[in-house]
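**Student:** Chain by chain, the residues:
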Amino acid sequence: MPTSGGVPMDWYLILSAVLFSLGIAGFFFRRNIITVFMSIELMLNAVNLSFVTFSYRMKQVDGQIFTFFVMVVAAAEAAVGLAIILTVYKNRKTLQIDEVSSMKN
Amino acid sequence: MNFYVISLIKVAIVAFVLLTALAYLQWLERKVLAHIQIRPGPNRVGPHGLLQPLADVIKLITKEGMVPSHVSKFFYFLAPIVAVALALTSIAVIPFGPEVDIFGVRTWMQLTDLNIGVLFVLAVSSIGVYGVALAGWSSNNKYSLLGGLRSSAQMISYELPMALAVAAPLLMANTLSFRKIVEQQSGYYLGFIPRWSIFEMPFPQIISFILFLIAVFAETNRIPFDLPEAENELVAGYHTEYASMKFAAFFMAEYCNMVTVTCVATLLFLGGWHPLFPQPYSNVIAPIIFFVFGLMAAWGAMHPRKPIEKYSFGVVTLASFGLALIFLAIWLVPALAPVFRILMPLFWFCGKVVLLLFVFIWIRGTLPRFRYDQLMRFAWVFMFPVAMLNLLVTGVLVALFSK
Amino acid sequence: MDLVLFLVFAIIAVVCGVNLVVQTHPISSALSLVGVMGSLAVLYLLLGAPFIAAAQVIVYAGAVMVLFVFVIMLLNAGSEPVTPLRRMVKILGVPLLVIFLGLVAFIIQAVLPNSETVHFGDPAAKGSPYDIGHVLFTQYLLPFEVTSVLILIAILGAIVLARKELE
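Line order of the protein sequences matches chains A, B and C. Just add 25 to the spot in the first sequence (first one is 1) and you have the working numbering. Just add 984 to the spot in the second sequence (first one is 1) and you have the working numbering. Just add 77 to the spot in the third sequence (first one is 1) and you have the working numbering.
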């Protein structure tokens, strides 16, 4: 149990692991492409949390700088990914990833 | 006293004052718009329509809150709650005055000071976009959806020039906390020019101020950037399907956003609670303004157009002369110095905020509205490059000329 | 007090995460993700990183997720249908995930001693805008410039992909 009002650091890391595995669950089990994309964002957020936790532990700011870069890259990825989703929707008229499979077999 | 008790008292005061101010801001807007359009405005409910906000509140509370059957219930109820809650939250970091001593308690006239205060206001306005987008979508109505999407696209497009326009005086102030930004705007150049951000060397932030004002007109969906919620376009836009209290919630959110951004503009650009002239000379401004106002009200009482105007203008005259006497007394009587230290900065701050709100209402009565593509083009093709250039020039001059 | 705040916002984050995976309509998933990001922002504040917390709310929750919400509203994506195959996949897959999670939690517990605690307001924790700005513009200047080129490429890509075809 925590001492004098602090929270044990491994609770933060376990929370990060929980959110990461929820992201993996969403990524594997959902068929709607936008929900799959959002599960990827959830995984990135979980990783950000563990970066910031380790930045607190090392008493350095480098973990937070890396979080900043992860956010920037996620924003760029979201923009391009959503543009691709819009193009796929225009051509295939569907958002279920099972039906966009004309390159299979 | 305990920090929590003081904060609760401050929250109660600010909430009460803010909600009353929002109601009377709507009265002010209707009267000023009416007089710009050469018509009387609300003047039936109470003298000069002063009880009109009360009548509106009673109507909106007692009206039947219809919920259409085709809406997504959860998001339909969530949208106005999000809009109002976020609009009211951003008042928490606005300082209304310096550190004061009230009944032995030494606090700032601010609910809480974050050392990332400016980022907090930007963050709250970023999330405020969800209220509008959800309102438009959950109404299950193509006009509401279009209005909601256009309004939220406009809000996020103008957030970028707003943030860049805010970043320029921050470069000169070198801090993100509102208290310290205002503290750095004290003092005078050459003895009489105030060291407000818009006059501050090495680069007076006038362009930033104008860009910020234009951007917050668009952020709060006011004319001329009013297309998504105009009454004669898109069937009143994203709040078409909302009944009594939920509609009132959106209106309250809009006025509260207006108050917040004028407060932020005053703090960042107009020097907050610092007066226009050096201290001994500027103390006469408050009594003079109230005295002149009292004289105008006395003239109106002596030439009444309706019998009741004798009494209503008489009351206003007495109130104005009373306020002038109060401000004169707290300046000249040394024993009332603590009251002076509370009231005078509050007068200057509220005066500047009311002036900016009057500019908002004035522009609403004067300009036509932009078409949607003109609005977006204005944001991305004109305001964003100008804001970046302004930030660049400010940065270069600060790097060259600051110690 | 730290413990109460952490538990409240951690539970909100996990509940919103589960909601993201379980909900059939994409809009509910998107708003649950906004909830996750908001509670993570509070957790960053507890970890002494106010700038990252503000950046999370402004950039991630306030811009990226708004983009997601726009696309969902524009494409008018409906709810997802549920098929029996997916139910069996869920029944098999969830215990595996729980086992994976338990393994990771055990390893973390074994590595980090219990005495390392996170206190709010720790004076040694660096995270103020000054600290981040100082390191970002001196030591990490090259990645900073590279990310600005990356954003430019992303903007160009998004505009090219999403424009109307010139007939």
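Rather than coming from a laboratory, the hints here were simulated on the basis of the structure. Note that the coordinates shown come from a computational prediction; the quantities given were computed from them, not determined experimentally. One or more of the hints may lead you astray.
Stated by the list, open to error - Not close to chain C: a few residues of chain A, all C-beta gaps over 10 Å, as computed:
(1) Gln121
(2) Val125
(3) Lys129
What the hints assert, rightly or not - One-sided and incomplete, this derived list gives chain B residues near chain C with beta-carbon spacing under 10 Å:
(4) Phe1058
(5) Val1113
(6) Ile1140
(7) Ile1269
Just so it is clear, CB atoms sit at the ideal spot from N, CA and C, and this is done for glycine as well.
**Student:** Now tell me, hint by hint, if it's right for this structure.
**Tutor:** How the hints compare with the structure:
no. : hint    : verdict
1   : Gln121  : violated (7 Å)
2   : Val125  : holds (14 Å)
3   : Lys129  : holds (17 Å)
4   : Phe1058 : holds (8 Å)
5   : Val1113 : holds (5 Å)
6   : Ile1140 : holds (6 Å)
7   : Ile1269 : violated (37 Å)
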